[in-house]
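Protein chains: 2
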Amino acid sequence: MATQVSQITVLSPGLLGSSVARAVRARNMAKRIVVWAHRPERRKEISRQHWCDEVAETLADAVKGASLVVIAAPVDYIVSLAGEIAPHLRDGAIVTDVGSVKGHIARKAHGALGAKGYFVGSHPMAGSEKTSWTHGTADFFEGKTCFVTPLEATAPAAASAVGTFWKHLGMNVVVVDPDKHDEIVSFISHLPMALASTLSLVMARKDVAWRGYAGGGLRDMTRIAASDPRIWRPIFEQNRSAVLEAVKEFQNELKVLEVAIARGDWDKVTASLDRARTYRDGFKP
Amino acid sequence: MATQVSQITVLSPGLLGSSVARAVRARNMAKRIVVWAHRPERRKEISRQHWCDEVAETLADAVKGASLVVIAAPVDYIVSLAGEIAPHLRDGAIVTDVGSVKGHIARKAHGALGAKGYFVGSHPMAGSEKTSWTHGTADFFEGKTCFVTPLEATAPAAASAVGTFWKHLGMNVVVVDPDKHDEIVSFISHLPMALASTLSLVMARKDVAWRGYAGGGLRDMTRIAASDPRIWRPIFEQNRSAVLEAVKEFQNELKVLEVAIARGDWDKVTASLDRARTYRDGFKP
Chain H
0 MATQVSQITV
10 LSPGLLGSSV
20 ARAVRARNMA
30 KRIVVWAHRP
40 ERRKEISRQH
50 WCDEVAETLA
60 DAVKGASLVV
70 IAAPVDYIVS
80 LAGEIAPHLR
90 DGAIVTDVGS
100 VKGHIARKAH
110 GALGAKGYFV
120 GSHPMAGSEK
130 TSWTHGTADF
140 FEGKTCFVTP
150 LEATAPAAAS
160 AVGTFWKHLG
170 MNVVVVDPDK
180 HDEIVSFISH
190 LPMALASTLS
200 LVMARKDVAW
210 RGYAGGGLRD
220 MTRIAASDPR
230 IWRPIFEQNR
240 SAVLEAVKEF
250 QNELKVLEVA
260 IARGDWDKVT
270 ASLDRARTYR
280 DGFKP
Chain A
0 MATQVSQITV
10 LSPGLLGSSV
20 ARAVRARNMA
30 KRIVVWAHRP
40 ERRKEISRQH
50 WCDEVAETLA
60 DAVKGASLVV
70 IAAPVDYIVS
80 LAGEIAPHLR
90 DGAIVTDVGS
100 VKGHIARKAH
110 GALGAKGYFV
120 GSHPMAGSEK
130 TSWTHGTADF
140 FEGKTCFVTP
150 LEATAPAAAS
160 AVGTFWKHLG
170 MNVVVVDPDK
180 HDEIVSFISH
190 LPMALASTLS
200 LVMARKDVAW
210 RGYAGGGLRD
220 MTRIAASDPR
230 IWRPIFEQNR
240 SAVLEAVKEF
250 QNELKVLEVA
260 IARGDWDKVT
270 ASLDRARTYR
280 DGFKP
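From first to last, the protein sequence lines stand for chains H and A. Just so you know, numbering that gives the first Met the number 0 puts the end of the first sequence at 284, numbered straight through with nothing missing. Just so you know, numbering that gives the first Met the number 0 puts the end of the second sequence at 284, numbered straight through with nothing missing.
Hints were generated in silico from the structure; no laboratory data involved. Since this is a predicted model, take the numbers as computed values, not measurements. Among the hints, erroneous ones may be present.
[Stated by the list, open to error] Straight-line alpha carbon distances no greater than 30 Å define the calculated DSSO-like cross-link-like pairs of lysine-lysine that follow:
#1 K107/A x K247/H
#2 K267/H x K247/A
#3 K283/A x K143/H
#4 K254/A x K247/H
#5 K166/H x K205/A
#6 K107/A x K205/H
[As the list claims (entries may be wrong)] Here are the simulated distance ranges between beta carbons:
#7 K43/A x D266/H: 53 to 61 Å
#8 N27/A x A261/H: 43 to 51 Å
#9 K30/H x D266/A: 40 to 48 Å
#10 A261/H x H167/A: 24 to 32 Å
#11 K283/A x A261/H: 41 to 49 Å
We put the CB at the ideal spot given by N, CA and C, even for glycine.
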């Protein structure tokens, strides 16, 4: 992907997919950007966008000329879309996705493409609780991490091409086994979502005025709970065991803090807060 | 406090105390602003600030001319400072604080002042993990909530004067019983801190590279864990029972979500995420 390719296709562009198309356009990385969306009204809206040379009416039309296809659909549609496009792919076409879970998708999509193309799963760690394509930007991925998750069976050249693609969009590429990826994101992404939602549910039972009293802490701690449940349901579904393990570790850690507070062991409480602070201070500003 | 008073004194100015002094200066609410800090080097630093007309060497000197004294010290120093200044207060002087817990402080400080002045506890819901006086600003309190927590025995005129003071600093004043205050903040402030710290402790055991992979979710969810443990220790200490109750409610709610995920009850998971989202969407942007 280092030089300009003839065609990149983005399927189901939402926040991430439209950002991919905008970023590709801004960097002049493809002669043609073709987009497909499931709903006719969405196709109509997008056809007026500068980052889209053609809106295809069918998946077959969308992918037939593409050297790279980016499936930007929610996690539960990726495998079936891979299966549907397989017969129409150009020889040697590379297919990737932007889904938040990788083990299930990487194995199934690899199988679905068969000898028709190369599937290499991706997970750009960029997102927002605002998921519409209208919020996408050309610099959306810059400076962020992108997991690229080849299987052992994946052709190294295909994995390398997908990594290069994301690097050209400004991302720090981390190549990792799909199951290891799922473990990592269960802690750094899915657990925070579970906690933000749980805190919101606790607060939802309280006097509604309390929300207006809160400072930045509660606001920050619940922000991602505003995310779309239809996107998150299949993430929890496909990453169930890793999410449950992360939740369990959190519960155990919270129990330790609870017991220290209950016992009035303030030195232990302080030591815990100190270790937590040291961890948090390690984030770049 | 509607008109300019002759002297306002701020004791132990950190982030909040220096912001009080800056806001009072910017609004010309006092002819003189006097400050006292425990450490000589702190007194020397502050003496060069435009929001400080005099840095007193002793508490007695600091408060003797003040109609309003704001104790901006950490929660565990407030009661003893109230006792130390009591003999030196002007007749009818009003004393308030900015502590995050109110039940214990309101009762003890009221008793410590006796007939020498009026104590009315305050808790401005403004803060940051950066607690130095150097980060204070004149508009720090604008648009935020301030709890004012008179006891039944508190003179209504004193409570009213303290409420008016914070209103002049741009705050939305909520008058509430000190114990009710402690229940509210155990949920909207102390629970979020406990969760942010716990999540940080879980993450601190993982490969340090994971921190660099994280998106905005983990960053937001751990931000307040960077707060100073020396400030938080006495907050958890003085509000122990309310904090434990809030932690218990959170644990129960998380257990419900965990069980739904473990059972694969995705409709229930989705319904929970939906209710959480509705709550979060109620925050002003």
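Evaluation of the provided hints:
1. Of the supplied pair hints, the one linking K107/A and K247/H is violated, its CA atoms being roughly 41 Å apart against a limit of 30 Å.
2. Restraint check: the Cα-Cα separation between K267/H and K247/A comes to about 19 Å, which is no more than 30 Å; the hinted pair holds.
3. In summary, the hint linking K283/A to K143/H is supported, as the alpha carbons are separated by about 28 Å, within the 30 Å threshold.
4. Annotation: proposed proximity of K254/A to K247/H holds, straight-line Cα distance about 10 Å (limit 30 Å).
5. Between the alpha carbons of K166/H and K205/A the distance comes to roughly 26 Å, so the proposed pair stays at or under 30 Å and holds.
6. For a cut-off of 30 Å, the pair hint linking K107/A to K205/H stands: about 29 Å separates their Cα positions.
7. The given range of 53 to 61 Å is broken by K43/A and D266/H, whose C-beta atoms sit roughly 32 Å from each other.
8. Take N27/A and A261/H: their Cβ atoms lie about 49 Å apart, and the range 43 to 51 Å holds.
9. Roughly 45 Å separates the CB atoms of K30/H and D266/A, a value that falls within the hinted 40 to 48 Å.
10. Restraint check, A261/H to H167/A: a C-beta distance of roughly 41 Å breaks the suggested window 24 to 32 Å.
11. For the pair K283/A and A261/H, the supplied restraint of 41 to 49 Å is violated, since their beta-carbon distance comes to about 36 Å.
This entry does not satisfy hints 1, 7, 10, 11, going by the numbered hints stated previously.
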